[in-house]
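Student: Generate coordinates for the entire structure from the input sequences, incorporating the hints supplied.
4 protein chains.
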Amino acid sequence: MTKVLIVYFSRTGNTEQMAQYVAEGAKETGGDVTLKKVADTSVDELKAADAVVLGSPTYYGHSSGEMRRFLDKSIKYHGQLEGKVGGAFASAANIGGGNETTVLDLLHALLVHGMIVAGTAEGDHYGPVSIGAPDERVKAQCRALGERVTALAAKVSG
Amino acid sequence: MTKVLIVYFSRTGNTEQMAQYVAEGAKETGGDVTLKKVADTSVDELKAADAVVLGSPTYYGHSSGEMRRFLDKSIKYHGQLEGKVGGAFASAANIGGGNETTVLDLLHALLVHGMIVAGTAEGDHYGPVSIGAPDERVKAQCRALGERVTALAAKVSG
Amino acid sequence: MTKVLIVYFSRTGNTEQMAQYVAEGAKETGGDVTLKKVADTSVDELKAADAVVLGSPTYYGHSSGEMRRFLDKSIKYHGQLEGKVGGAFASAANIGGGNETTVLDLLHALLVHGMIVAGTAEGDHYGPVSIGAPDERVKAQCRALGERVTALAAKVSG
Amino acid sequence: MTKVLIVYFSRTGNTEQMAQYVAEGAKETGGDVTLKKVADTSVDELKAADAVVLGSPTYYGHSSGEMRRFLDKSIKYHGQLEGKVGGAFASAANIGGGNETTVLDLLHALLVHGMIVAGTAEGDHYGPVSIGAPDERVKAQCRALGERVTALAAKVSG
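Read top to bottom, the protein sequences are chains A, B, C and D. Per my numbering, the first sequence runs over residues 1 to 158. Per my numbering, the second sequence runs over residues 1001 to 1158. Per my numbering, the third sequence runs over residues 2001 to 2158. Per my numbering, the fourth sequence runs over residues 3001 to 3158.
The hints are simulated quantities; they were obtained by calculation from the structure and are not laboratory data. Mixed in with the good hints, there may be bad ones.
Claimed, not checked - In silico DSBU-like pairs for lysine-lysine, Cα to Cα no more than 30 angstroms straight-line:
hint, chain 1, residue 1, chain 2, residue 2
1, A, Lys-36, D, Lys-3073
2, A, Lys-76, C, Lys-2073
3, A, Lys-76, D, Lys-3073
4, A, Lys-155, C, Lys-2076
5, D, Lys-3139, B, Lys-1139
6, B, Lys-1073, C, Lys-2036
7, C, Lys-2047, C, Lys-2155
8, A, Lys-37, A, Lys-73
9, A, Lys-36, A, Lys-47
10, A, Lys-73, D, Lys-3037
11, A, Lys-139, C, Lys-2076
12, C, Lys-2037, B, Lys-1073
13, D, Lys-3003, D, Lys-3036
14, B, Lys-1076, C, Lys-2076
15, D, Lys-3027, D, Lys-3139
16, B, Lys-1037, C, Lys-2076
17, A, Lys-37, D, Lys-3076
18, C, Lys-2036, C, Lys-2076
Tutor: Structure follows, in structure tokens:
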């Protein structure tokens, strides 16, 4: 089974809700899903995953300090994550409030690890963004991300 | 009077409407405003302006080819636009659809020219983004951009 | 055979040289390579490709107007390029001169099309960048991009 | 006197050296400079500054977790930093290694605070980047940033 690790930081619960939707999409696509807060996640868990999806609220245009610190520590496995599949999502307080730059902040980190990321032609192209609490649109985008990442990881790691 | 040049590309009229709101804000702050479609604008007009504001729809995550070609041609005045004030806005079909990366595409070009750009702590931090036709939120953000840019240019060029 | 389409804009020849190195890497990995200037390329050619690699000099922080116009026209096949593999490279006049934002400009467009992009843990993480004429480092990075893209496209489209 | 606060994170000393060059440029332009490691800086110090310059090494395409955490905490003064002048610089291990995305990571945060940032037409357009230890080019770019930021802050806050 394709191992999908979803790591998120959430303060208000919005990003956590998004993470759960991503997990649903991943499970329905046959993923063996681990869903964890970044505070409870060790970078050691990155190695076993076929796909890694990161989510964060938007803090000053980027992911939270906790998430960045986790990424800093992931240097322990630099070079060993190449070829894994990655994805990212973000919540924000308002439109134009840094949601895309937060998704890209996370995608950049995955690319620096040599990981593979896929956009989508419909909807939130770089990765799902929620303005405030996730609505039906966000739910669909998050589930689609979970499906996309899992299907791609199955193909790439198979 | 502070000369504010607003240059935009618009196909559906959404970005044009945003440009008009930016112009309103600039005028009310005492700006001498020139509002033009990019197709009707010569890069020669950049030199006389104290502030330059650019607007575009989101095409594949960035401003339109017409806007980029205009920026390519602006190399004619490379180095001569340093210290002018700049700003940018973008329309997009959907949330997460590349609106922020389009605003930043335009801001990057202004920064490469050595221009000065100001964010805002409230609302659309990098510059106004509209999802579809501009609503009241977008109107307020665009007017605020016009005010911000004009007031800053008056201070900087004064 | 994996069909790899490499499309570039080049004025001084630096980006063209990079494109040729990418082509070498792709061919050695078994790719059926088409190498074309953007002016000679129809967006119709995107459909047949398994992988699309784009290259441009850095003009005001992003790819050239010609390249952006090509991407604008690629909307003809919006949604039909999903799942193809993409990559990007850029040349620039100097370090800190917008080379990374140009690579990302191109990657964003590929992600908006729903394409798949892979970073690298070693070297130019988002895609190869050359400062002036390509040196040995750039040559190696470009060849590695050609190899990476071709191998991934073979896996994904196979 | 124009108060310039330079805050940096440095592990190897490269970013610290850059910070010192920025400080030199700021001092020679009449700035009252405070140069501090981020670990020794309270967000309370942001309020008194006329200009804030941030520097960080490149960790996975962005500034370090320590710097991001400092920015997270700066929310205490959200809205109160509007109109101040900002700037950013970054060091990285290699060309194409995320140096520009790190500078932009920091600039985004300053823009979200409603601060004012200026690019430069010559050299490192968004902000100085060093590949490894700072050389003469980097020294000149850093000093120019210090000068630019101080002169602009004097004008804007005067």
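Student: Next step is simple, just say for each hint if it's right about the structure.
Tutor: Now for the hints, and whether the structure bears them out:
1. A:Lys-36 x D:Lys-3073: With Cα atoms ~24 angstroms apart, Lys-36 of chain A and Lys-3073 of chain D stay inside 30 angstroms; holds.
2. A:Lys-76 x C:Lys-2073: violated, 43 angstroms
3. A:Lys-76 x D:Lys-3073: It holds: about 27 angstroms lies between the C-alpha atoms, which stays within 30 angstroms.
4. A:Lys-155 x C:Lys-2076: Status holds; Cα separation ~28 angstroms.
5. D:Lys-3139 x B:Lys-1139: Distance of about 44 angstroms is beyond 30 angstroms: violated.
6. B:Lys-1073 x C:Lys-2036: holds, 24 angstroms
7. C:Lys-2047 x C:Lys-2155: Distance ~18 angstroms between Lys-2047 of chain C and Lys-2155 of chain C Cα, so the pair holds.
8. A:Lys-37 x A:Lys-73: Distance of about 16 angstroms is within 30 angstroms: holds.
9. A:Lys-36 x A:Lys-47: holds, 15 angstroms
10. A:Lys-73 x D:Lys-3037: holds, 20 angstroms
11. A:Lys-139 x C:Lys-2076: Given that 30 angstroms is the threshold and the Cα spacing comes to 28 angstroms, the pair holds.
12. C:Lys-2037 x B:Lys-1073: holds, 20 angstroms
13. D:Lys-3003 x D:Lys-3036: holds, 13 angstroms
14. B:Lys-1076 x C:Lys-2076: violated, 33 angstroms
15. D:Lys-3027 x D:Lys-3139: Between Lys-3027 of chain D and Lys-3139 of chain D the Cα gap is close to 15 angstroms, so the pair holds against 30 angstroms.
16. B:Lys-1037 x C:Lys-2076: holds, 25 angstroms
17. A:Lys-37 x D:Lys-3076: holds, 25 angstroms
18. C:Lys-2036 x C:Lys-2076: holds, 20 angstroms
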